[in-house]
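S.K.: This is what each chain is made of:
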Amino acid sequence: MQLRELAEKLGCRLVGDGETEVHRLAPLHEASEGDLVFIARTTDLPKLKTSKASAAIIREGSPPCPRPTLLANDPYLTFVQALRLLYTSDQPTPGVHPSCVIQEGVRLEEDVAIGPLSVVEAGVTIGRRSVVGAQVYIGKDSRIGADCRLYPQVMIREGVEIGDRVIIHSGTVIGSDGFGYVRGEQGIRIKIPQVGRVILEDDIEIGANVTIDRATIGVTRIKRGTKIDNLVQIAHNVVVGADTVIAALSGISGSAKIGDRVTLAGQVGIVDHIEIGDDATVGAQAGVAKSLPPESVVLGSPAVPHLTFKRRVAAASRLPQILNTLKRIEARLVSLESASGTEGQQSQTAQSISERGAH
Amino acid sequence: MQLRELAEKLGCRLVGDGETEVHRLAPLHEASEGDLVFIARTTDLPKLKTSKASAAIIREGSPPCPRPTLLANDPYLTFVQALRLLYTSDQPTPGVHPSCVIQEGVRLEEDVAIGPLSVVEAGVTIGRRSVVGAQVYIGKDSRIGADCRLYPQVMIREGVEIGDRVIIHSGTVIGSDGFGYVRGEQGIRIKIPQVGRVILEDDIEIGANVTIDRATIGVTRIKRGTKIDNLVQIAHNVVVGADTVIAALSGISGSAKIGDRVTLAGQVGIVDHIEIGDDATVGAQAGVAKSLPPESVVLGSPAVPHLTFKRRVAAASRLPQILNTLKRIEARLVSLESASGTEGQQSQTAQSISERGAH
Amino acid sequence: MQLRELAEKLGCRLVGDGETEVHRLAPLHEASEGDLVFIARTTDLPKLKTSKASAAIIREGSPPCPRPTLLANDPYLTFVQALRLLYTSDQPTPGVHPSCVIQEGVRLEEDVAIGPLSVVEAGVTIGRRSVVGAQVYIGKDSRIGADCRLYPQVMIREGVEIGDRVIIHSGTVIGSDGFGYVRGEQGIRIKIPQVGRVILEDDIEIGANVTIDRATIGVTRIKRGTKIDNLVQIAHNVVVGADTVIAALSGISGSAKIGDRVTLAGQVGIVDHIEIGDDATVGAQAGVAKSLPPESVVLGSPAVPHLTFKRRVAAASRLPQILNTLKRIEARLVSLESASGTEGQQSQTAQSISERGAH
Chain A
1 MQLRELAEKL
11 GCRLVGDGET
21 EVHRLAPLHE
31 ASEGDLVFIA
41 RTTDLPKLKT
51 SKASAAIIRE
61 GSPPCPRPTL
71 LANDPYLTFV
81 QALRLLYTSD
91 QPTPGVHPSC
101 VIQEGVRLEE
111 DVAIGPLSVV
121 EAGVTIGRRS
131 VVGAQVYIGK
141 DSRIGADCRL
151 YPQVMIREGV
161 EIGDRVIIHS
171 GTVIGSDGFG
181 YVRGEQGIRI
191 KIPQVGRVIL
201 EDDIEIGANV
211 TIDRATIGVT
221 RIKRGTKIDN
231 LVQIAHNVVV
241 GADTVIAALS
251 GISGSAKIGD
261 RVTLAGQVGI
271 VDHIEIGDDA
281 TVGAQAGVAK
291 SLPPESVVLG
301 SPAVPHLTFK
311 RRVAAASRLP
321 QILNTLKRIE
331 ARLVSLESAS
341 GTEGQQSQTA
351 QSISERGAH
Chain B
1 MQLRELAEKL
11 GCRLVGDGET
21 EVHRLAPLHE
31 ASEGDLVFIA
41 RTTDLPKLKT
51 SKASAAIIRE
61 GSPPCPRPTL
71 LANDPYLTFV
81 QALRLLYTSD
91 QPTPGVHPSC
101 VIQEGVRLEE
111 DVAIGPLSVV
121 EAGVTIGRRS
131 VVGAQVYIGK
141 DSRIGADCRL
151 YPQVMIREGV
161 EIGDRVIIHS
171 GTVIGSDGFG
181 YVRGEQGIRI
191 KIPQVGRVIL
201 EDDIEIGANV
211 TIDRATIGVT
221 RIKRGTKIDN
231 LVQIAHNVVV
241 GADTVIAALS
251 GISGSAKIGD
261 RVTLAGQVGI
271 VDHIEIGDDA
281 TVGAQAGVAK
291 SLPPESVVLG
301 SPAVPHLTFK
311 RRVAAASRLP
321 QILNTLKRIE
331 ARLVSLESAS
341 GTEGQQSQTA
351 QSISERGAH
Chain C
1 MQLRELAEKL
11 GCRLVGDGET
21 EVHRLAPLHE
31 ASEGDLVFIA
41 RTTDLPKLKT
51 SKASAAIIRE
61 GSPPCPRPTL
71 LANDPYLTFV
81 QALRLLYTSD
91 QPTPGVHPSC
101 VIQEGVRLEE
111 DVAIGPLSVV
121 EAGVTIGRRS
131 VVGAQVYIGK
141 DSRIGADCRL
151 YPQVMIREGV
161 EIGDRVIIHS
171 GTVIGSDGFG
181 YVRGEQGIRI
191 KIPQVGRVIL
201 EDDIEIGANV
211 TIDRATIGVT
221 RIKRGTKIDN
231 LVQIAHNVVV
241 GADTVIAALS
251 GISGSAKIGD
261 RVTLAGQVGI
271 VDHIEIGDDA
281 TVGAQAGVAK
291 SLPPESVVLG
301 SPAVPHLTFK
311 RRVAAASRLP
321 QILNTLKRIE
331 ARLVSLESAS
341 GTEGQQSQTA
351 QSISERGAH
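Residue numbers (full-length UniProt numbering), protein chains in the order written: chain A, 1 to 359; chain B, 1 to 359; chain C, 1 to 359.
In isolation and in its complexed conformation, chain A is listed as follows (with noise of 0.2 Å):
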């Protein structure tokens, strides 16, 4: 594509010459002849005079560039639009593999597309343009809506209903049984049956290796636009609110409830039936065990508030330097009530604490 068409569509200024032929994007380390760069910070504006790059779209009131050149007032914006123009995805042709399984009852609407050696089970119905991979399973009853996209081997169990744009990648198991037992005599744990079902909304996407827990009884959901990273663990009963961001392994306990717009960094821990507020956001490694308000920023295993967690790991990078404080005090001490004839009591002295262990 030429440079001038690419502005064109973009909606940027064109700075240098517009015949350029852009084919591809690229980061600038990488870049190569025909290839299209995106300069997200001034200072890596010199690099691009020994990059092989061919254009670069930089930030609208930047200082001149070495390259024919698209001006933009949000670049990041623009290089997504641009990378939707230059790479248009790889849409397969609507139609079942002859080598599916796809049981009885099953409907299908126009233009569906599944790859092959799928399964699909009786009763399920698929929306309009949607786009199952190969080595699918898509279980009894389940309803996938429009415009969604399975990749090859996910797994979707009975009664699942997905809306429309979904997304959902590898390995990702929806609908698993929860985890849940009862006692029994002698410890013995006797499985609760798991018949609640799984709702995803509109425009979720879902990363690989995820699994979602259907629910005990009622329903495990989550609601639009929330986007779940990589070999994430949703239990039963949890409710994820809308346009909620969870980074790679993390967990989620059962029944505990997300609220929306929260972002939950990687590898945090939700306990059980608690409630994180709208807009919260819960640092990396977190673990939350008790209910959070809206707005909430926290870190730390037990989470606490970010300014707090700063705090205590600063204060606690200083506790080797507080034990010698306390001997010197102590010392202090020592040599006033030897002066003043006072008796010092018999005390722990601070020189004893850092000779014993803990516990």
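Accuracy of the hints is not assured; some may be wrong.
Pairs of lysine-lysine, DSS-like flavour, derived with a Cα cap of 27 Å [to be verified]: (1) C/290 <-> C/327; (2) B/257 <-> C/140; (3) A/310 <-> C/310; (4) C/257 <-> C/290; (5) C/310 <-> A/47; (6) A/310 <-> C/52; (7) C/47 <-> B/257; (8) C/140 <-> C/191.
The hints are simulated quantities; they were obtained by calculation from the structure and are not laboratory data.
We have chain A; now place chains B and C onto it with these hints.
M.R.: Frame of chain A; chains B and C shown alone:
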């Protein structure tokens, strides 16, 4: 089902109209007509008035309830039994789907069901009434007991032994190679062949996307009755005792030995070659680096007894105040020293501590 | 195999009856007749007396042993070599199972084996002697090198490049979309198309249920010789160096760069865009938020040098004692002040600290 019939089958006392029809169990906040609800806490009883539920299970001895009621001594257990009565699980018709690939020398006992597109390698035995879902893989010479359920896309490698009444959820991998290498020249790692096995005893349930590695030599073993949640890692040569519970995203390193009736909460890590005693409880996100005696209750990373942990967390929360107290003490010492004519020792002040960083 | 033959092949010194037949390697506590055991520690030698093992591998220079013995300078390496001799791995017959779906333009080099019900998309190349298990998916234009092994149910997306002698375990997903969005109006997230690739260099092993995301643009790269355990997350545009080891349940965030010969223990988290220097070691459950120089050894969340971490843990264990010491110091100050007639400043006492909580 009529409430009267349910009361008889569950051995509960019925209060109110025995003709009431119930079709479904539902959570209190979602219940509609025809639903039976389960009231865990007396404080939830008033909510029943505004609920559309047709009937309720409550604890014997609770205040009167505005709906036809089943009174139970253990209402939670009764709820589970009611689930079993109202939801007859979807037992598939026995038989092997014609799309499966079943190799030579496979022995299927009576009433086994195998779903579409599964692969069963040579020498496998599957016990009576076991249900193998679609797209499952069972490796050479593995043995599955009776009344097992393997959900779609489970992967069992060769030589794995599985007892009776074992449930394995989708995406789980049993018998993958352990993570073992020897360091050769120049730091290059040479793979140690992993030629051991995995044994899962009776009455085990394993969640979705779990990984259980085969032993290097010998056996990785999970003992009877143990329940494992989603996304858990069990390394080579681990032994997990009976009736133990392991929550999501926990990892047990090589050759660790977990006792009977142990509870590992979510995201717990256990280092290699240690032993966790019977009836121990390890709190969420704890990291256990040393063997634990029976009945230990630990928290934290590194894990310590839970009371120690709580004391430390409480003390840590007072650290900034400790710094302030030290400053005030030093000021008082200076006053005393100047009053008594004693020369204060050259000392690092608390002030200087709070201004300097860590390390 | 006779012990004499094994000794010759392994280059070990034989002590005792060379006619002894050994069939299997076994752990000491499980050994039966015909088993060769490996004694790692001299203290385990007495256990051999009560073992049914037929022979043992022990370190050259150890005390005499009550069984026919192979003496080795590096007994662990010898054990690994013995494993390779006694367990010839199960190399399947070359050929493509007729149940597979192989699209057009696929190039299979000589002696490739592909198990049942796998899908190989258009434009894929698979190198000589590589073994692809059952139910594997290989996306369009991906290239697999020679002598690779993909276990059943591996999922490789389009455009992935895999070197020679790479092993990938079941359930692992290579080339799923990175987790990247731009914030549009009203907090709605717009997906950034993930059009980059994944390159796995030679001699890599990747565990079960791992996820490695493709780059946004450019490459997510794992360099030669690196070994990755189960359930690990590698985000988009990450670069992992050569001969690095990553233990289970660790997560590496987007664009992070991990050096050569690095060790990440279990459940480690690495934030995005940072750099971990060559030969660094990150302890279990550590959370690394800042770049680390080469040869760092860190622990904790946030991670600090391991000696600092140990000092802090030790100091934290003394916190309750520090509170007691402060109380005693204050009592002594009061005595001194009343003796000298100095008025104690109005101050928050240690007592009050220990009675008040934090936040």
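S.K.: List, from low to high, the hint numbers that the structure doesn't satisfy.
M.R.: 1, 2, 5 and 6
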